[in-house]
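In case you want the letters, here they are:
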Amino acid sequence: MAKMNLLQAINSALISSMEQDERVMVFGEDVGHFGGVFRATSNLQEKFGKGRCFNTPLTEQGIIGFANGLAAQGSVPIAEIQFGDYIFPAFDQIVNETAKWRYRSGGQFSCGTLTIRTPYGGGIAGGHYHSQSPEAFFAHIPGMKVVIPRNPYQAKGLLLSSVRDDNPVLFMEPKKIYRASVGEVPETDYELLLGKADVVKEGTDITLLAWGAQVEVVEKAAMMAEKDSISCEIIDLQSILPWDVETVCESVYKTNRLLINHEAPLTGGFASEIAATIQQECFLYLEAPIARVCGLDTPYPLAHEKEYMPDHLKTYEAIKRTLDY
Amino acid sequence: MAKMNLLQAINSALISSMEQDERVMVFGEDVGHFGGVFRATSNLQEKFGKGRCFNTPLTEQGIIGFANGLAAQGSVPIAEIQFGDYIFPAFDQIVNETAKWRYRSGGQFSCGTLTIRTPYGGGIAGGHYHSQSPEAFFAHIPGMKVVIPRNPYQAKGLLLSSVRDDNPVLFMEPKKIYRASVGEVPETDYELLLGKADVVKEGTDITLLAWGAQVEVVEKAAMMAEKDSISCEIIDLQSILPWDVETVCESVYKTNRLLINHEAPLTGGFASEIAATIQQECFLYLEAPIARVCGLDTPYPLAHEKEYMPDHLKTYEAIKRTLDY
Amino acid sequence: MQNKSNKLPQERNHLSGVEINHKVNLIENGLIDIPMLQLLDEHGKETNPKATPDIAEGLANKILTSMEYTRLLDERMIGSQRQGRISFYLACKGEEAAIVGSAAALSDDDMIMSQYREQGALVFRGYKTEQFMNQMFSNQLDPNKGRQMPIHYGDKALNFMTISSPLGTQIPQASGYAYGQKMAGKEAITICYFGEGAASEGDFHAGLNMAAVLNCPAIFFCRNNGYAISTPTEEQFAGDGIASRGIGYGVRTIRVDGNDVLAVFAATKLAREIALKEACPVLIEAMTYRLAAHSTSDDPSGYRSKDEEAKWQQKDPIERFKKWLDGKKWLNEPALEAYKSNAREEILAALKKAEQVPVNPLEDIIEDVYDTPPWHLKKQLSELQQHVAKYPQHYPKTSGR
Amino acid sequence: MQNKSNKLPQERNHLSGVEINHKVNLIENGLIDIPMLQLLDEHGKETNPKATPDIAEGLANKILTSMEYTRLLDERMIGSQRQGRISFYLACKGEEAAIVGSAAALSDDDMIMSQYREQGALVFRGYKTEQFMNQMFSNQLDPNKGRQMPIHYGDKALNFMTISSPLGTQIPQASGYAYGQKMAGKEAITICYFGEGAASEGDFHAGLNMAAVLNCPAIFFCRNNGYAISTPTEEQFAGDGIASRGIGYGVRTIRVDGNDVLAVFAATKLAREIALKEACPVLIEAMTYRLAAHSTSDDPSGYRSKDEEAKWQQKDPIERFKKWLDGKKWLNEPALEAYKSNAREEILAALKKAEQVPVNPLEDIIEDVYDTPPWHLKKQLSELQQHVAKYPQHYPKTSGR
Ligand SMILES: Cc1ncc(C[n+]2csc(CCOP(=O)(O)OP(=O)(O)O)c2C)c(N)n1
Ligand SMILES: Cc1ncc(C[n+]2csc(CCOP(=O)(O)OP(=O)(O)O)c2C)c(N)n1
Ligand SMILES: [Mg+2]
Ligand SMILES: [Mg+2]
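Residue numbers (this note's numbering), protein chains in the order written: chain A, 1 to 325; chain B, 1 to 325; chain C, 1 to 401; chain D, 1 to 401.
The hints are simulated quantities; they were obtained by calculation from the structure and are not laboratory data. Please note that a few of the clues may not be correct.
Okay, derived cross-link-like pairs now, PhoX-like style, lysine-lysine, Cα gap no bigger than 20 Å in a straight line [to be verified]: (1) D:315 <-> A:314; (2) B:196 <-> D:378; (3) C:62 <-> C:323.
A partial selection of chain D residues facing chain A, derived with a Cβ cut-off under 8 Å [said to hold, decoys possible]: (4) 138; (5) 141; (6) 360; (7) 369; (8) 372; (9) 375; (10) 392; (11) 393; (12) 398.
A virtual CB, placed ideally from N, CA and C, is assigned to each residue, including glycine.
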């Protein structure tokens, strides 16, 4: 075990997978010699050579197009999109190509080996274009997996699983806690199951569901609620697609209440899918409407970032409203 | 009044808006001399000249990028994307540019005059790439409006409103019924309100919600259900973003049951947003879970198109399940 | 040239190699005119016998029959679309030399990533009539499992990537595929076919530039056939075709007469050698003409004249090649006629057979979305199965199985 | 050239004008080398006095002070980012001639669509110190309402489009804007600035090609400054810079020494005239160097040498221009020093003032998403207002208002 921050955990996972499988290649804007603007790919070029870790020209559609072809060929590409906000030029390559490749060819060819890494989320004074949380766009794409870690331990284990999973995975990294989140991480190789939620804390009165950096936020809200004698169960979804309905349902059968928190705008955010499914699966168990505490339906505003964010106070208030319903 | 099919109604709206405002320009792949692959833009180049109706090179990101600039300049662009399946290369220009232009400039500049037209949906043996219903992707973009007509009368009125509305509108046309849907359409200019749902049929036992070509499908299911003495209220949402929560809530207050039908895959489809909102707003009124009858979470499969579709039988079965809950 | 600089990185200077001038001149269109390689003129005469590629009689005949077969298949399938037997078809007519000529210059290990009008390459590689039919009838014998529209072939054994409708997407993919071949130490390249219309997509730019910078052994083969559906080239680009763009990317480039098999073959052969030897991309622009409608959904009389079509009919690539073969005494007309009538029958028979074969069973609807179906797809399938069982008459293709 | 064809459409032939050759030659990189226009050498000497543009003393001094001001602003703002007063800054240092020289050749009616490193153009247009500050402090006096990171300026009155971070998106937008200007009969063009890195985006391809085909009066001005963050040009492209791509689009093109104000000014002036007169785009590639870090988040020592920086320091565009002014006896050193110390004070004072100005009131969070806020935004605002009222201490920027 070693103390690592989230970036170091990612770097460690990349090294592990490149050592273990020489088909693994890491590329993207500035990821080569420089090691990426956040330094997640530090030292990889030095260690594994320019052939396996390299800068690409500045074109996200090209990066993912290239990665798709490379994956179809049988290599194991790990492509970085410098910011989640800049993944949209690659949206066509992801929706129409990455995700449909296996299906359209009847399983003859696939992009299963592809992993796309990208930092996402706000709280860093980044304004519209360095703050977005675009997971819901990708959760509506059959064929993709979407994974989001909340701490270094998860980051390494989930990234290693994502790289080895035979499906294309979008691995979204909560950049706000890249350095702030520090924890014990095994130096050895290990994997964490994709598609499984993590019950962070057990409780009896309400289930709080979040992912990535927002898990901390709901933890803080839960602490406030405990003072009012409200016992919160906290679940980190970890995998957005496919997601772990079973774990969430089991929790809601017990707590009879559900609150979902995400940074992305409310309308059409992934909380809507969770709410729609859970009201279906747990209809007779629900004692209050499922609450969504989310970003506003606006672009991410710099000056009002604090006000925009679904913070612990908004979450706490929604917990109380749900309990009082 | 004249009998028109959906395409003719669109053509009529385009002519009307081009006659009335010379800042209006229509462009896209093959829309010029040829009049578009579906002939929605027939005769426009002849009538209004090559400057105002023209072919573009084959680049969707370019078409929308160009349209954004043209809108910001003060012209009134109506850009066509030949198939909804091919809108994704323009996704970045839409998410990051069109939709955020006004907000980021504090209202100094905007793309408010932009309308994007695109045919969408299945049922035409089009397979993965001529069948998609991508509305949910756009419903998660603050700043956009998304509008879908179900018949020629709506098509003309809603398109004229979309062109004149001072917000960017994605206008999605159900191509399956381009020619099949025929009805009386005023030859004069008229507008229909954006953001309003249309109550197609009143009923008391369950609310059926759909849009575009699927309205017909739920109508057919409703007719089957009537035979079982189930009285269905049918609502055509018409505007996906912003959507008319009020009309839907009022209906659900009365019927206590809601079923939503759309062709797009279930997970993360727009039915999830509707279900999430309605379970919140109508919690105490709901006598059964909100049902979603949607496409499967697969790419749109040619060989199994019939099986994939959320057809009237699946809808009818879901109505019964909901009533029997 | 800056990219050829051998200087150490710390001495890098992105001006090295740039000359200086002192007059305010704009460079204009036409600074360079890229000529078109023709080795066989419209009368079937060799223009420069020394440059005629070395093609043995067997190969020459295989090229000819592949072109002929492609045209026969096109004719028959257009017909069966008209009869309502298949929903859609898209013909290669007029472009057979560009496709077959280039495919013939490849090795079987080379990956082919095509746009959709390149069935001739599949024919040359040995794709069987029944394979064509199984794809076009979306039946359960098609390894692509009938999930896409007709003409979206794909065959792993023949190194022919399953076709995808969105235009241009295969271009950066080809760069990546080729990079992977190089890294894996394969003696193989990737060829990527696309139309001059698709070359307007952003993916073209990304793909060519990345291939050049990342030294990908790929051939980018543009079929400039004059139209993108109804859009003529002058509304597609204002430069000198697609070839002139190669220079901008630092990609070696050649323009060929796409109706001249010999020129196409020679250019592709050279391109392949260089791509492999120097690990670099090559761009080929084949000037040709789509003699057919864009697809069975299209009627070209709305946007071009019969006259224009007739002019290009004169340049028919098959006729031209036959004249050359004839000159070499390699053309055996009776044998060719026998081959053609045999092929016609084979096509018809295979068509009749393929249309009887059922589509994939219902379970397959959720296969291949992921490597194994996750819980939600299993749930959706089981609901669907129950539903189909309840209304078997409504889902005739899958209910009885 | 095919696009210049005057033939009737039915006689269109996409081969007309293409020459034929008979040798299998690949066109290689280096077929054309695009020279770089320099009118003022590194010692401040005119290279070709006849070609020196006609710049009056007043304009020359405005250019100089705009460059000097830009550099002062950069220095001060980098400092205040280090002090934690603003979150982010991005300097123009080294590229002042490219930006100010080109902006000076425009008319005030021309639209400027910039990438982010073109504050010099705003300075030249008359953007005030307090305007810079209000934007950078995201305060309520900024007409952009403080919604974007520092340096995302925008000013309708000065025809300067609000900057957007995603790279390359402004390129096809500029084509559309210019098309609109032409259709509206405006005597104005659009200039679009971007880096050589951004030119790798698909939007570049789409924008240039569309501008050429649709005859858009736009200047595409590429600042080739050697790097895209850490990525050197040789990992960005393999061709001859960005200029070589112009030919492929049929866009008139010129490469200039970006550290030479006179060359930049002359080229831009000519480009503007032609763009307007002939309704066509022009591509300018300015060869320059980013003397500063990419932004305050970057440390270039990780990817380039001090030596290389020092070499480019020698080509400082401001010094070079001053030598020319001096030669013309137009340089008044004491006046310049006074201007600079005055500017420094003004910047500091404006900064202090701007950082005191509050952000926009809470209501503004939902404004400008649409022309008027729809029901759901109104609802979200009212919930937010109640929430902020309940926890005022937690939202200090907006609660007290
Ligand atoms: C991204 C995308 N946009 C639009 C289309 C619709 N479309 C299909 S073929 C075609 C024209 C292609 O022309 P070209 O590339 O020249 O190929 P050709 O048909 O001439 O062989 C168009 C616009 C598509 N398939 N994909
Ligand atoms: C679409 C997109 N991808 C990535 C980024 C992140 N990014 C910001 S600046 C930059 C480098 C730009 O280089 P260049 O265009 O050469 O401009 P310069 O900084 O040299 O002026 C990158 C990669 C971005 N802003 N937008
Ligand atoms: Mg074509
Ligand atoms: Mg640069």
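Evaluation of the provided hints:
A C-alpha spacing of about 55 Å is found between residue 315 of chain D and residue 314 of chain A, which places the hinted pair above 20 Å, so the restraint is violated. This hinted pair checks out: residue 196 of chain B and residue 378 of chain D have alpha carbons roughly 17 Å apart, not beyond 20 Å. Only pairs whose Cα atoms come within 20 Å are accepted, and residue 62 of chain C paired with residue 323 of chain C is accepted, the gap being roughly 15 Å. With 8 Å as the threshold, the beta carbon of residue 138 of chain D comes within range of chain A, its nearest partner Cβ sitting at about 4 Å, so the hint holds.
Residue-level restraint check for residue 141 of chain D is violated (minimum Cβ-Cβ distance to chain A is 12 Å; threshold 8 Å). For residue 360 of chain D, the suggested interface contact is upheld, since its CB lies about 6 Å from the closest CB of chain A, less than 8 Å. The criterion of a C-beta within 8 Å of any C-beta in chain A is met by residue 369 of chain D, whose closest approach is roughly 5 Å, and the hint holds. This hint is violated: residue 372 of chain D has a C-beta 14 Å from the nearest C-beta of chain A, more than the 8 Å allowed.
Using the Cβ-Cβ criterion of 8 Å, the hint placing residue 375 of chain D at the interface with chain A is not satisfied: the shortest such distance is roughly 11 Å. A distance limit of 8 Å between C-beta atoms decides the matter here; for residue 392 of chain D the minimum to chain A is near 11 Å, and the interface restraint is violated. Checking residue 393 of chain D against chain A by beta carbon gives a least distance of about 10 Å; that is not within 8 Å, so the hint is violated. Interface hint at residue 398 of chain D: satisfied, since its Cβ lies 6 Å from the closest Cβ of chain A, which is below the 8 Å cut-off.
In summary, the numbered hints that this structure violates are 1, 5, 8, 9, 10 and 11.
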